[in-house]
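J.: Each chain is listed here by its residues.
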Amino acid sequence: MSNFSFISATGWRCGCCNKELQPRKVNVEYMGSVFNVELMVCPACGMVLVPEDLALGKMLEVEQLLEDK
Amino acid sequence: MDQPQLRKLEATCIQEEAPQCSAACPIHIDVRAFMGCLAGEDWRGARRVLDRTMPFADIVGRICDEPCRKDCKRAEIGDPLAVGRLERFCVTTTPMVLKQPRLPAKGGRVAVIGSGLSAMTAALDLARKGRNVVLLTADEEIGGSLRDYTEEMLPARVLAGAVEILDSYGVTIQFGSSLHKEFFAIVRQDYDAVFLDKDLAGLASLPVDCTQPDPLTLAVGQDGCFAGGGSTENGFSVMKQVEDGRRAALSIERYLQKVSLTAQREREGACPTRLYTVTSGIPPLPEVLPADPAAGFTRQEAVREASRCIQCECMECVKQCAFLQEFNDYPKRLVRKIYNNEAIVQGTRTSNKMINSCMLCGQCTVICPHDFPLATVCRTAREDMVAKSTMPPSAHEFALQDMEFSLSEFSALARHQPGRDSSRYLFYPGCQLAGSSPAGVEQTYLHLTTHLDGGVGLMLGCCGIPAHWSGRQELFRQTRQALQAEVGRLGDPLIITACSSCYAVFKEFAPQLRQQSLWQILEKMELPAPKTAVPPQPMAIHDPCTVRHEPEIRASIRNLVKKIGIATKEQPYAGELADCCGYGGLMQFANVPLGEKAARAKGLRSDLDGLAYCAMCRDNIAASGGRIAHLLDYLFPSAGQEDPLLRPNPGFSRRHENRARLKQHLLTTLWQEEPAMAPAYKNIKLVIAPQVMELMNKRHILEDDLQKVIHQAEQTGRRLVDPENGHFLASFKPVRVTYWVEYQPGKQGFIVHNAYSHRMILPGDVK
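Chain order of the listed sequences is L and F.
Following the numbering used here, the numbering of the first sequence begins with 1 at its first residue and continues without gaps.
Following the numbering used here, the numbering of the second sequence begins with 70 at its first residue and continues without gaps.
One chain only, chain F, in its complex shape:
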């Protein structure tokens, strides 16, 4: 990722955009923070927010005409916030907290002609910037039109306080100045720039046309002259005076610095914002009105009204995603962290775990109003890490070894239908369905062979998606090529894909392969008479994340489910918005506890029993304690099958075993072939209690690994022994991980008491 890519991505996430109120405010007061302070009874904090942005807060805070109120998001569901009344409460109850500093004097003489609020604001802003400012007015008092407010609204002593403030910043005020043509000529001669407040009687007598100032810069006809403020066709707006005074001060500052008057000023004044805030589901609380309108809000009333602020933000993706919630961040900040992580040459890459925890499922992109491509960013970052050899070896190794096993001679298979030498179709169940439900694969295959003409071949293997997800592009390419060659060898039949991840891989990366989803094939086919009663109560369909963009497959599933008499009720995060179960992006391997959370969250989207058609969704939700069945459990139940809703998660070891046994079983029963000889260590019989098996699953230790350890220990005698209980403790490092197993010989096999592993290399280990 380079800087321009980073900037582009950062700009796509709108969480940090201004809320509607601040954007609509001509001087962008942080209304959201102001409300937050008031709601938390932080009176000084609220005043500080105003002091930071609002000139003469004691005056403007009393009479602000709240142009932001019409844009308040609460207006969508009821009454907008009473911003003006709360500002008045703030400035009448809490004195100034923050006095803005005055920058060192830097030359430049500015004349401000007039005494209205825009003149006052321009004079104040320029004086704060260190300019030498003289305010010239024919009046005898400050304020212009502000003097028309009642004493109750704006006490004269408060308005007069502005003179003190201006004085404290070094502004010279000349009341009673005579504004005639000669006066103006002198002013032009003595001052570098002039601001004319249109809230001033007699302005027309001056030899400068102030009627049409440039809307962006407020420049008028003569060089160095600017004008603003006063009434418009819409009447007199307090905030318009403030906006014009501030805009003119900025123009004069730029004029004095001899820089562009126009560059990058789009966000001055009220401007649009892209912040996206969902208001549905928020209770439409009515506006709090002061019991005594003349006295304004009491503290309690102010707190209640300010507490109605919904503190607008987007966070729509974070609200739904277990990964984003875990790292408690939104895409804009994450992408910056990923960029920084990539830039580290020496030091700790603190974002590796985060990058490897994204499920790459794309839910956030669908939710995002601007389609932030977080999955692509995280996967590309992984590819970058692999290329630079900075990918932590432990993150994906277990999953990649699982893939290797699925592709090995012990699990993989590609055959024409028994008795045939060509295939019109090729059933491709995918590695996880074979691992989760080998009987389901067999039953489905037999059904397809009896109902489709032209021969249905079978291929067991892996589509390579773990390599893709882990950033191993080369391995992914090799896996895909081997698969394509194998399909070619079988005569390029139409692939019938059961797994939606495989479907997605073939569609995106091997478009020359012809494929159709198993569910679309079954939908049009005669189905077997039900052998397992379908549940009488409705079930919730849990779409897998990989059919997010496959509406036809989702429709086929619903038709099939209806056909076999299962009642369903849709849950809101299905279809295009489906969650990932934690397998996606190999998240459950790189971040085990988060994987469990993601599976639980997906299962909890509905109170109903679940119905999945992705083996990993089924198994992960079952492992998290959810009651969930796989559609194939109802379509093609096997003899003696337990209640599909109670089928436990097979776990990693059983999945391995299931794949190997499926191949052995089909080879011997359908093709009458001898399976490959299992290695000697496979003869080690293990007895493993369920709680030990659960521990092994969490620790990513397979029975296969333990068989290797015990085989080695029993062959060589290299093991520790505890004379107290007769247990042995042995270790072995088949490839990169050293496995330890505590065991004892028993009648049925070796009883496993404990198993753990580490990656540190011990003396004597092969490196």
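Isolated chain L, as found in the complex:
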């Protein structure tokens, strides 16, 4: 998952800041492994979007892989 980009055009806007989400590199972490991934993020407050297909797809796959390590 390291150095992967999961950005895609989205209709979601930040409800706090009323800003469009923009691609940004963030660190996500599980079981001591850190991954630098590109996600859609609010440029003002940093709120991150994890869409359903990512959570139940690649993210779940990596979670399970790490749990068996």
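Keep in mind that the hints were calculated from the coordinates and are not lab data.
The structure displayed is predicted, hence computed values, not measured ones.
Treat the hints with care, as some may be off.
[Unchecked claim] Mimicking SDA-like on lysine to any residue, the simulated pairs with C-alpha atoms at most 25 Å apart in a straight line are:
| no. | chain 1 | residue 1 | chain 2 | residue 2 |
| --- | --- | --- | --- | --- |
| 1 | L | 58 | F | 466 |
| 2 | F | 139 | F | 376 |
| 3 | F | 77 | F | 376 |
| 4 | L | 69 | F | 376 |
| 5 | F | 802 | L | 43 |
| 6 | F | 406 | L | 67 |
[What the hints assert, rightly or not] Derived list of chain L stretches under chain F, where covered just means 3 residues or more per stretch with a C-beta under 8 Å from a C-beta of chain F:
| no. | segment |
| --- | --- |
| 7 | 7-15 |
| 8 | 20-28 |
| 9 | 43-53 |
| 10 | 56-69 |
[As the list claims (entries may be wrong)] Take a look, some chain F residues computed to stay more than 10 Å from chain L by CB distance:
| no. | residue |
| --- | --- |
| 11 | 807 |
| 12 | 809 |
| 13 | 829 |
We treat Cβ as the ideally placed atom computed from N, Cα and C, and that holds for glycine.
With chain L's structure known, arrange chain F on it following the hints.
T.: Chain F in isolation, oriented as in the chain L frame:
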């Protein structure tokens, strides 16, 4: 698990034992594989099977006296396989496929005296091992007694072919040798070892007594001399010649290597096998006879006859268990995988999922002719994983949180009967019955209090079995201790257990607690007049796996059912052989799709409507689409109750809610106590469509979790918004899982459109 434990367990599973035919064959030809090849028209494959084990297959394959045939499992249900005729078909239609290699020469001179089949076999086997072999015979031709066969059975050119084969392995053949005393003295001097074929005239004139060779080694009086073959009181057996020749060759090989002649030779020759194969239910097809007996089988006839082979194996446990079928393996191989999984220090533990998918129900152990303890192996492996911190966190967390909730102040309760300060009895419905049928728990409790003297206390909680199943021994111990202390506080009353899992836990791990099953109590009690009509058609009782070893409880259930007028029909996998519904061992949490399969399989054991007395069996089979009721639905129906057979699976959220509401309701109505204040987030009202609820159940997301997310989002304003439809998307991580919910405010509450979760930690999350 250490190596000796592994070996012991591996030896318990008999799936890899030889089939009866191979075990009965003196040289252990893989008859099962041979039949498989012929049935699949793999002619060369069949010939390869013979070439691998059978010496001089062109000769022996024509005249094999098939000692295996009497042991063929098909004989139990009809005609055994025509092994000999099929071997003859094979060698007469397919030439040699596999020529065994000859190992490099390694010294040692061996004299083989005689020209019969045992002499030929001994010479061939020793030559293949690289020994220098001379075959000495007074005859002018090879074969001994084999020369008595008709030309039709064994053509002379085929028998003569043996000379070429022996020659190709470097065996020197001296026909016309004179076998007198001096000759033998010379032989003893010139050769390191001697084999004497008893299928030889004039053997008695030699100065060595060959009448009583040692049955294991075939050694006779003089050092380095071995004898075998020939006729016995049972006559002349072709395979006896082959067996003796091979046995003597092995003895001579060991003799030349100066190692033990006797160690580990139990499995040479025909030997017993522990393979267990059930033949009931197999159609007893009659033996296929060749249309022209003199010509033997045609290809079609051979295929038809070989196809009658049932390919003996055990697999009895695998045939019945959803878990074993899913992983497509039998216990011997699984236990090896578990051992290997435990041994991994760095790398991927590929068997975690498998270990966590066993229902720990013990059905396989009951089915197994040798009681393979797979459940114990899997549970111990889980304990090991927890101890080494290699247990995947996601496997059991949801179930353990469910248990925590059942034990929390919002669900748990322990009280004497209202208006009393002591209890002779204590009703313990268990967390899942409280979650599935709170009204049933209430009605049952009220019935017990009115019909039993001496006070009936009530205890809501959890016996701790999820901790036990998930390998959390310490948590299990703490839970049990707390429960025992609570029971002690109530004066150690007799516990009336409704759930058979709780019953099993108390019986095995807290034997000092006095308990009786609810069903045994009810059986002896006056029952309420039926308020719900029982179905007129017979029902199938689905015993839970946890009463496998409780025949008294199963009998009480049947008496009760009869008493209230429900007709039943037993299905074969009930009682001691009952399947698990998928809840056992927390399998349905660690492996969601397999849990669904297990529940469906249990429900499908009968075409009839089901009757359960375990809340999880009831709910899981209902969730898989089966029509099934809980016995309490008929015994103590609640007002306005729907048809018990149509009661849907409550799902995880409703179960939580039911437990909490049951406590609140009973506290206020029976004990006039104020329930604990619910946290603020519980005020969030949700509107969830059934298909979204189903999705949440599959994804192990509770309404409770969504209330927390929306409460947080509404408090802080931290949420995403879709201007197109006005939906919000918010996330929150209460403990380890981050929950996402897409929602919008509505008149009745927040309308939930979607929910999902992940365990990856995002920037800004509390770790």
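J.: With reference to the structure, classify each hint as holding or not holding.
T.: Results of checking the hints against the structure:
| no. | hint | in the structure |
| --- | --- | --- |
| 1 | L:58 x F:466 | holds, 21 Å |
| 2 | F:139 x F:376 | holds, 18 Å |
| 3 | F:77 x F:376 | violated, 35 Å |
| 4 | L:69 x F:376 | violated, 46 Å |
| 5 | F:802 x L:43 | holds, 22 Å |
| 6 | F:406 x L:67 | holds, 18 Å |
| 7 | 7-15 | holds (count 5) |
| 8 | 20-28 | holds (count 4) |
| 9 | 43-53 | holds (count 7) |
| 10 | 56-69 | holds (count 10) |
| 11 | 807 | violated, 8 Å |
| 12 | 809 | violated, 7 Å |
| 13 | 829 | violated, 5 Å |
Comparing the model with each earlier hint shows violations of hints 3, 4, 11, 12 and 13; every other hint is respected.
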